[in-house]
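S.K.: For reference, the chains in residue letters:
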Amino acid sequence: MNEIRVLLRKEIQLEWRQRYALNGMVLYIVSTVFICYLHFNLNQNLLNPIVWNTLFWVILMFTAVNAIGKSFAQDSEGRILYYYTLASPVSIIASKIIYNSLLMILLTLTGFAVYQMAMGNPVEDQVMYVLALVLGSVGFASVLTMISAIASKAGNNGMLMAVLSFPMVVPLLLMAVKFSKNAMDGLDPSVSYDEIAILLSIDALVVALSLILFPYLWKS
Amino acid sequence: MKLAWWKILTILILAYVLAMGLAGEVPRQAILNETVRNLYFHVTMWFSMVLFLFMSLVHSISYLRSGKIESDDKAVEYVNTGIMFGLIGFVTGALWGKYTWGSALPKDPKILSAAIAMLAYFAYVILRGAFEDDQKRARISSVYNIFAFVIFNVLIFVLPRMTDTLHPGQGGNPGFNIYDNDNVMKPVFYPAIIGWMLLGLWITTLRIRLRVVERKLTEN
Chain S
1 MNEIRVLLRK EIQLEWRQRY ALNGMVLYIV STVFICYLHF NLNQNLLNPI
51 VWNTLFWVIL MFTAVNAIGK SFAQDSEGRI LYYYTLASPV SIIASKIIYN
101 SLLMILLTLT GFAVYQMAMG NPVEDQVMYV LALVLGSVGF ASVLTMISAI
151 ASKAGNNGML MAVLSFPMVV PLLLMAVKFS KNAMDGLDPS VSYDEIAILL
201 SIDALVVALS LILFPYLWKS
Chain H
1 MKLAWWKILT ILILAYVLAM GLAGEVPRQA ILNETVRNLY FHVTMWFSMV
51 LFLFMSLVHS ISYLRSGKIE SDDKAVEYVN TGIMFGLIGF VTGALWGKYT
101 WGSALPKDPK ILSAAIAMLA YFAYVILRGA FEDDQKRARI SSVYNIFAFV
151 IFNVLIFVLP RMTDTLHPGQ GGNPGFNIYD NDNVMKPVFY PAIIGWMLLG
201 LWITTLRIRL RVVERKLTEN
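From first to last, the protein sequence lines stand for chains S and H.
Following our numbering, the residues of the first sequence are numbered contiguously, the last one being 220.
Following our numbering, the residues of the second sequence are numbered contiguously, the last one being 220.
Extracted from the complex, chain H is given alone in its bound form (with noise of 0.2 Å):
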């Protein structure tokens, strides 16, 4: 078996950003304690969920201009993943809220929405469910996407910064730099963005290499 490059590189990143995450040194602040170390694995799941989001939208409006049924499949994988890496998302901050807010669930306004977000997400996958007709169900599907995509935008980035929110860097808290004061955190934060970017990028381009097959086979 052979990988390519950037598959080894997204092990070595992964390895590096585990070691280091568990067992490297961390800034020691008052209530966050070891649970910064969460850093890297829970807003490393945000930023690639709004990279796939993105990716599946880019494909959706190009499945729009070509018409060509691939790129439909891109758009769908890339939404799975997307909320795959959301899931997970809620379920790390879940933890790291536990032992931080106090509350595995804090009404927070940024937990809502994207909660809300998820939902819109959901349903694009119910509305896939709803046609028979490959070409129907892409298109219909797609123009919901770039919906949801821009409703998502307003969702995430616009809302909460209206409101008070617990998360670092919106309605009046400061942002996360100043927990990382000696800059130890942003080697291993960094290279954990992109080594999860990769991983998902991994796992969406088997999955649509499993989705291309499926289709040869049923057209045979």
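Next up, chain S with everything else stripped away, as it sits in the complex (with noise of 0.2 Å):
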């Protein structure tokens, strides 16, 4: 526990002090919405809710990929090899998945401010949305840091992060998009209990799952 205690701290203070990722995903998002807005501000009557929903989702999806497809990157050869001498690898994977969720609901919560900004927001049930949105990102961070710990190893190849990780956030985004959906139309909290369930569930059998195989990742 210690550990990753430790080594979150060090993905905080690496991330704080060059502000790399975080000032250009922030950026990203900003701009994407604001393309968005261009093109919507001009067919107000092309934006019903649905699309409000799911494009949103969308940018948020393109931005997770983005962002965590970076998170082995960073790390050269040698500095992997001297985190192999220091942590056990369950600790590495554990410590990235926590940073990851943590960056994504930032850029999630700063992506929704903006976005509200610029294309109204039209959602019945906020604190729902923004446990829809919660949950999503981290669902995003859970599933695309073993993706991106792969492709990292395929020699982090930007197309074969988006190739090897569409396929495998599908599932959570159809959920969150229809739990936020029923956020956003008012329904009342019990119908969105089936999606809640089973965005958890595929949370935890992600992060199971990376705790198991990690090991074997890392050893190559």
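A hint or two may mislead.
[Stated by the list, open to error] Only pairs whose alpha carbons sit at most 20 Å apart, straight line, appear in this in silico DMTMM-like list of lysine to aspartate or glutamate:
#1 H/Lys110 x S/Glu77
#2 S/Lys10 x S/Glu77
#3 S/Lys178 x H/Asp108
#4 S/Lys219 x H/Asp134
#5 H/Lys98 x H/Glu34
[Unchecked claim] Coverage of chain S stretches by chain H, computed from C-beta distances (three or more under 8 Å per stretch; other residues unrestricted):
#6 160-174
#7 203-215
[To be verified] Restraint ranges, calculated between C-beta atoms of paired labels, are given here:
#8 S/Ile12 x H/Asp133: 33 to 41 Å
#9 S/Leu46 x H/Ser66: 51 to 59 Å
#10 S/Ala73 x H/Ala15: 52 to 60 Å
#11 H/Glu34 x S/Thr54: 35 to 43 Å
Derived from the structure by calculation, the hints contain no laboratory data.
Each residue gets a CB set at the ideal place from its N, CA and C atoms; glycine is no exception.
Dock chain one against chain two, each of which comes alone in its own frame, and use the hints as you go.
M.R.: Okay, here's the thing in structure tokens:
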């Protein structure tokens, strides 16, 4: 546990000193939202609630793939070897997943703030919608951290990251879009219990798999 | 040429299935009419695909435990056969859908899920192309294969049950049994499942042998 805490603090410090991923991703999400704003502002009638919601999730998915795709790319061969002597692989992947979850929650909430300024906010049940965003971003982070580790072993090819991750995030995305649509229409939270349960179980499944499988990846 | 007993059995079963499937007695139902025969050729493809992808999972796990490259050869060939059966499943399904649902590719969650699952396995094949070193390729693609199988299960068995689907047995639709109330299809359907699975197994074993020979040839 202690090891995970130290590694997590290392990730955050590293990020804070460079602020490369963070600033880059915030700019990425702001420019994407701005492009959508330019297009839809001229055709307001196109922007019905379903489009509003789906568009936001698509933006989030691309942000997640790009932000988390880099999480193993920054570590050089030598540094990975150094970690290998210091820490257990389980704490490395656990700290990366926790760090990426925090990063994704931050990016998602920033993105949501910018998005509702540009595109309006038709959401009825704000609390549930934010809950959907948080669950979705944690899910993205846990799936994509492992995929990013796999892609980094294959030479950090950006195309490979996208190809490997899109089929994997689709189940999450479907559930998250449905859940957030329910929140948007202001339906009673009990309607979404199924979706919440599936989101949580996918998260748990993926985290467990990552913890089991990462030691094998790590060796090569 | 002498064939193993199970290969002769495969030929006999499939000859029986083809004869009975094309000319045998089937229950007469509205809309379905003669297309009900597709049960022997469409549903069995998906059952076989699930079996082959599961076999591939078993061999991937066995590779990670033992490090024997032969297990990886088996894993990749089972995936290849699984993909082939999946594609045939799509084609037979499109034919069936065209004459019963009025569209070869209706908007059905089960079809979409199966398509995404296929994408995950295409990604597996692409991932394998990214490595030069055999052991590294085997280890990393085994990890991805295990991941893919879990997501595949979520896609195929969990998500379609969450929504309405046109397929029988789910989303409030009655199971296929009601179409076969005289039990005339079961004596053909069950052998058909076994027959197609055996055929796939036969194809896979041949391809695995080819792969082993190829490896021996390149090593010397």
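S.K.: Against which earlier hints does the structure fall short, listed by number upward?
M.R.: 1
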